[in-house]
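In case you want the letters, here they are:
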Amino acid sequence: MRGRKALLIDTELCAGCNACVDACKEENNQPDVETTDLSSISYTAVIEKEGVYTRRLCMHCEYPTCVSVCPVGALEKTESGAVIYHYEKCIGCRYCMQACPYSVPTYEWNSTSPKVQKCTMCHARQKVGKIPACAEACPVEATIFGDRNELLKIARKRLSDDPTTYVNHIYGEHEAGGSSVLFASSVPFEKLGFPGNLPMEPLPNLTWDVLSKIPRFSVFFGAFLYGVWWVIDRRIELADNGTENNRFNQHLLDNEQKKEQV
Amino acid sequence: MQLPFKITFWRVLLAIVWLAGTYAVFVRFTEGLGAATNLSDKFPWGLWVGFDVVTGVGLAAGGFTIAGAVYVLHLKQFYPVLRPAILTAFLGYSLVIVGLLIDIGHPLRIYHPMLMGNAHSVMFEVAMCVTFYTSVLALEFSTVVFERMGWDRLRKWVSKIIVPLVIIGVILSFLHQSSLGSLYLIMPSKLYPLWYSPLLPAFFLISAISTGCAMVIFESHLSFRAFGHRLEKNILRHLGRVMLLGLVLYLILKVQDFTTRGVWDLTVLPRMETYVFWLEMFLGSIAPIILLSIKRIRLSTKGLYICSVLTIAGFLFNRLNVTITGIEASSGVSYVPSWMEISVSLAIVGMVVFLFALAVRYLPIFGNPLANVKKITPPANRMTPKHNADNITFDSGTATGRDVLSS
Numbered sequence: 174m175r176g177r178k179a180l181l182i183d184t185e186l187c188a189g190c191n192a193c194v195d196a197c198k199e200e201n202n203q204p205d206v207e208t209t210d211l212s213s214i215s216y217t218a219v220i221e222k223e224g225v226y227t228r229r230l231c232m233h234c235e236y237p238t239c240v241s242v243c244p245v246g247a248l249e250k251t252e253s254g255a256v257i258y259h260y261e262k263c264i265g266c267r268y269c270m271q272a273c274p275y276s277v278p279t280y281e282w283n284s285t286s287p288k289v290q291k292c293t294m295c296h297a298r299q300k301v302g303k304i305p306a307c308a309e310a311c312p313v314e315a316t317i318f319g320d321r322n323e324l325l326k327i328a329r330k331r332l333s334d335d336p337t338t339y340v341n342h343i344y345g346e347h348e349a350g351g352s353s354v355l356f357a358s359s360v361p362f363e364k365l366g367f368p369g370n371l372p373m374e375p376l377p378n379l380t381w382d383v384l385s386k387i388p389r390f391s392v393f394f395g396a397f398l399y400g401v402w403w404v405i406d407r408r409i410e411l412a413d414n415g416t417e418n419n420r421f422n423q424h425l426l427d428n429e430q431k432k433e434q435v
Numbered sequence: 007m008q009l010p011f012k013i014t015f016w017r018v019l020l021a022i023v024w025l026a027g028t029y030a031v032f033v034r035f036t037e038g039l040g041a042a043t044n045l046s047d048k049f050p051w052g053l054w055v056g057f058d059v060v061t062g063v064g065l066a067a068g069g070f071t072i073a074g075a076v077y078v079l080h081l082k083q084f085y086p087v088l089r090p091a092i093l094t095a096f097l098g099y100s101l102v103i104v105g106l107l108i109d110i111g112h113p114l115r116i117y118h119p120m121l122m123g124n125a126h127s128v129m130f131e132v133a134m135c136v137t138f139y140t141s142v143l144a145l146e147f148s149t150v151v152f153e154r155m156g157w158d159r160l161r162k163w164v165s166k167i168i169v170p171l172v173i174i175g176v177i178l179s180f181l182h183q184s185s186l187g188s189l190y191l192i193m194p195s196k197l198y199p200l201w202y203s204p205l206l207p208a209f210f211l212i213s214a215i216s217t218g219c220a221m222v223i224f225e226s227h228l229s230f231r232a233f234g235h236r237l238e239k240n241i242l243r244h245l246g247r248v249m250l251l252g253l254v255l256y257l258i259l260k261v262q263d264f265t266t267r268g269v270w271d272l273t274v275l276p277r278m279e280t281y282v283f284w285l286e287m288f289l290g291s292i293a294p295i296i297l298l299s300i301k302r303i304r305l306s307t308k309g310l311y312i313c314s315v316l317t318i319a320g321f322l323f324n325r326l327n328v329t330i331t332g333i334e335a336s337s338g339v340s341y342v343p344s345w346m347e348i349s350v351s352l353a354i355v356g357m358v359v360f361l362f363a364l365a366v367r368y369l370p371i372f373g374n375p376l377a378n379v380k381k382i383t384p385p386a387n388r389m390t391p392k393h394n395a396d397n398i399t400f401d402s403g404t405a406t407g408r409d410v411l412s413s
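Protein chains in written order, with the numbering used here: chain A, 174 to 435; chain B, 7 to 413.
Source of the hints: derived by calculation from the structure; they are not laboratory data. Keep in mind the model is a prediction, meaning the values are calculated, not measured. In this text, a Cβ means the ideal position worked out from N, Cα and C, and glycines have one as well. Misleading hints may appear alongside valid ones.
Residues from chain B shown here face chain A by an in silico Cβ test under 8 Å; the list is partial [unchecked claim]: (1) W51; (2) L107; (3) R115; (4) M122; (5) L181.
For lysine to aspartate or glutamate, the following EDC-like pairs were computed, each having C-alpha atoms within a straight-line distance of at most 20 Å [to be verified]: (6) K196/B with E363/A; (7) K162/B with E314/A; (8) K250/A with E374/A; (9) K288/A with E314/A; (10) K288/A with E334/B; (11) K198/A with E363/A; (12) K48/B with E200/A; (13) K48/B with E207/A; (14) K48/B with E363/A; (15) K196/B with E334/B; (16) K196/B with E207/A; (17) K303/A with E200/A; (18) K48/B with D210/A; (19) K166/B with E410/A; (20) K166/B with D210/A; (21) K222/A with E200/A; (22) K364/A with D210/A.
Throw the hints in and build the complete structure from the sequences for me.
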């Protein structure tokens, strides 16, 4: 987690001006249409709920489910913390969308060569030393960008300075192993539409616990099946031989008896 | 004008379904998934994943079950249903791949998992297993074709490797049948708790095995009605017992799982999920277990048939509940497949039935595959099972385990 970057979004500060949405669209060359939720042409959206404004965007999980489930490694968690997408690998199976605990990735449903679309935390801008467009555009610093650890400190300070306003919870600090997008809010997060039933451990562990056992299982199971086959096969063979030998002995016996008779 | 075939109700139905399916596939490939399906960003996996792939693979589980029984366990009495089971599995898997090609956004990149696989992805594992297992099935089935064509050397060559081949097939099947359940392990917050369980892989594997047996019983009956092939009564009874064993094991595990996770209270909530859950459990578990426990039903052909239909129906409900119903609540949208999605799925089912009928007509699938086995000398062999069904030749010392393997 050294030097991982993150975004901190504070619903107390957000005035719902949509400057972040506009900046995001401009940065990603997306059409400027009214945005109420994520879509293949909107990487972020400002949503009003319970009297406050909150944002939807990729959480850039520390242990991303999408990266773990992609069968071709089309999604990648970069050193900086951003989760990015490689279109040229993608087969369009949509497992990332299905598995994402925040239902963030979107799909170009009306394209015959569809892409999965989601926030990249402005990976391209970060590479040239700039900060994500939304954080840069925000006039009231409701979205700020920085080191994840630094942002956590800032958030904790805000929570402890004003415990009556804020709920004592930084969303994204531990959810599903933590994320690179953090939220502070005065309204309980479940009421804002954040999933409240996420385990605090990284979700990919749930499958890796099973998947990691496969090589060993295959070898042992294969050996076991072969053993079963061999034992039964051998027994049948012995049984067959047994009867054959008996027949042969019987034959000899018969011959001797015949000789005696002669 | 004289048509080369008779027009029957089923043929007309098949033609309609294929026409509709072809149109739907055309729309899907010219205008994208959005135009043909009711899928959305909130509900990215629908009928094509839930039925064509997840259910389809499970229904084809008879292939590895019977092959394993015949070749690994030397249960030669199952031989007469081996070929239909392998044929079903081979067709099933082939059509699962067709369904997958229609569903994924970039079908031309289907080889990508081979080149850039991600070992942490269950989907990657399933893709690999399905690929390899379909090849295994093709080889297992090739003996039938070679026999029909009289290509003896090829047939013998495959016969030589059939045991390792079947063992590999059984391992691959165990892996991916269970992994279809593992696909959902990573979604504890998305799959409704009646279905989400750490035991999902075990549930998927066990239900696939009992449903595999049910499918063999089911299709033996249908082929009996359609083609007049003799019903292997004794075999069906054996299968019925294996099926019962699987169903009971499944139920015990389910009870154990519900108790450890403490979700019994969910089973009485007046919700959509509860109703379909009980429907699934009643059809696919409770009813067939009760029926199969009654000896008279377990031994009767019709009873077995009804039980197999129930088991298959329950299985269908289970897979669709996991893939569709169980996801709806967390997705926040309700999903009903479009007519185009349904018609493609039906067209695929129709294709399996059609190809099965075609294969039965032109290839030695049913009947007496051991008739040509060269008889060997030792008579009366106590290891060979005795059968009442006159269609089986293992009795009275014509063939032993080794002959089955090399035939």
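Taking 20 Å as the top limit, are the C-alpha atoms of K48/B and E363/A close enough? 18 Å, holds
Agreement of K198/A and E363/A with the hint, judged by alpha carbon distance not exceeding 20 Å: Since the Cα atoms of K198/A and E363/A sit roughly 28 Å apart, the hinted pair is violated (cutoff 20 Å).
Closest C-beta approach of R115/B to chain A relative to 8 Å, hint status: With a closest approach of 5 Å, the R115/B hint holds.
Against the 20 Å threshold, does the CA-CA distance of K250/A and E374/A hold or violate the hint? Distance of about 17 Å is within 20 Å: holds.
Would you mind confirming whether the straight-line C-alpha gap from K48/B to E207/A stays at or under 20 Å? Measuring from Cα to Cα gives roughly 19 Å; hence the hint holds.
Less than 8 Å between beta-carbons is the criterion; does W51/B satisfy it with respect to chain A? 5 Å, holds
Checking one constraint from the list: CA of K196/B to CA of E207/A, max 20 Å. Satisfied? 28 Å, violated
Restraint status (C-alpha distance of K196/B to E334/B at most 20 Å): Cα-Cα ~9 Å, so holds.
Taking only the CA atoms, is the gap from K48/B to E200/A under or equal to 20 Å? 25 Å, violated
Would the hint linking K303/A and E200/A be met if the CA-CA limit is 20 Å? 12 Å, holds
Restraint check for K196/B with E363/A, where alpha carbons must lie at most 20 Å apart: At roughly 15 Å apart (the allowed maximum being 20 Å), E363/A and K196/B satisfy the hint.
Holds or violated: K364/A and D210/A, Cα atoms, limit 20 Å. With a Cα-Cα distance of about 16 Å, the restraint between K364/A and D210/A holds, given a limit of 20 Å.
Of the numbered hints given earlier, the model fails hints 2, 7, 9, 10, 11, 12, 16, 20 and 21; all others are met.
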